[in-house]
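2 protein chains.
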Amino acid sequence: MVNKKGEVISSAVTNLDLHDISRAARTFGVGRFFVVTPLADQRRLVEKIISHWQHGAGATYNPDRREALATICVAHCLDEVLQRLDREAGQRPAVVATTCRRHVGCIDVISVRQMLKAGRPLLLLFGTAWGLAPQLLENTDFVLEPVEGPTAYNHLSVRSAAAIILDRLLATPVA
Amino acid sequence: MVNKKGEVISSAVTNLDLHDISRAARTFGVGRFFVVTPLADQRRLVEKIISHWQHGAGATYNPDRREALATICVAHCLDEVLQRLDREAGQRPAVVATTCRRHVGCIDVISVRQMLKAGRPLLLLFGTAWGLAPQLLENTDFVLEPVEGPTAYNHLSVRSAAAIILDRLLATPVA
Chain U
9 MVNKKGEVIS
19 SAVTNLDLHD
29 ISRAARTFGV
39 GRFFVVTPLA
49 DQRRLVEKII
59 SHWQHGAGAT
69 YNPDRREALA
79 TICVAHCLDE
89 VLQRLDREAG
99 QRPAVVATTC
109 RRHVGCIDVI
119 SVRQMLKAGR
129 PLLLLFGTAW
139 GLAPQLLENT
149 DFVLEPVEGP
159 TAYNHLSVRS
169 AAAIILDRLL
179 ATPVA
Chain G
9 MVNKKGEVIS
19 SAVTNLDLHD
29 ISRAARTFGV
39 GRFFVVTPLA
49 DQRRLVEKII
59 SHWQHGAGAT
69 YNPDRREALA
79 TICVAHCLDE
89 VLQRLDREAG
99 QRPAVVATTC
109 RRHVGCIDVI
119 SVRQMLKAGR
129 PLLLLFGTAW
139 GLAPQLLENT
149 DFVLEPVEGP
159 TAYNHLSVRS
169 AAAIILDRLL
179 ATPVA
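Chains as they are written, first to last, in the numbering used here: chain U, 9 to 183; chain G, 9 to 183.
Heads up, a few of these hints could be off.
The list treats identical chains as interchangeable, and a pair is accepted whether it falls inside one copy or across any two copies.
[Claimed, not checked] EDC-like mimics (lysine to aspartate or glutamate), calculated; alpha carbons at most 16 Å apart, straight line:
id, residue 1, residue 2
1, K56, D25
2, K13, D72
3, K12, D72
4, K12, D25
5, K125, D25
These aren't lab readings, by the way, just hints derived from the structure by calculation.
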């Protein structure tokens, strides 16, 4: 990720990102939600949170939450995710990065919907902090057009952006 | 609201709801985000959080956040909100409740978009905990169709649901 100054950092994991994004993933039929961080203590923390909801007191208190958090896998880098998907599915997914800025040559929602309809597996990347690092963005297959409303303000949380993008890509279109 | 057992309760305010929903409101051009709770200590807490981002250290640290949280107004009940809107705008808005369950006679997204296009002011209601109390739902002008993905799972966070609904109602449709 980058921080406020544009420096490359490893951001901390936010507990509610795990809950909100896994619940949206489960709602929209996403196969897996990979939480990727190079920080070993953050990976342990995520595993501990998942365990609480999978096997601990959370599992009986709220089974719907258990079902959502079951979509989460933890990984230390994007390459590990791609290697796992390649090994398990025998196919490398198209990697689609998301960002709040409009990139030259970005792909629109309709084109990604068509890729999904054609059966192409996709890996969507979402960034925390001040977004995905430029060197990561430049090395993905596609960059998705940003979520834009009728204003120039574009500072959604990653939880909101992920929910909207999954809805745009995977729900039945409204219009 | 109702709790897990369906009993009517006053839920606690979640800090990230203030941030996420105000940022989505600001993105999609919503005029005001009312945080409504009958609990005086919760209203004070919300005022304190807003003040941190409006006038405290948060205001200089993150001006985008200040701009988002400026959309928040605190109220103790729905009637207070309606009276304020009536006094300020001279017009009672149509009240549209949201829920994760499909209600008989619920209104669809396209119809609400048409009401907005016709210039009708709207007040959208979002619930926390296990959702809006039935007696509240039954006394609104409309109940919006639920957000549904391609699965039967319907346990989005209120943050995700609000983001998706604002996007569906106020962004340019994708298809």
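Evaluated hints:
| no. | hint | verdict |
| --- | --- | --- |
| 1 | K56 with D25 | within (15 Å within a copy, 24 Å between copies) |
| 2 | K13 with D72 | between (39 Å within a copy, 15 Å between copies) |
| 3 | K12 with D72 | between (35 Å within a copy, 12 Å between copies) |
| 4 | K12 with D25 | neither (19 Å within a copy, 22 Å between copies) |
| 5 | K125 with D25 | neither (27 Å within a copy, 34 Å between copies) |
The structure shown violates the earlier hints numbered 4 and 5.
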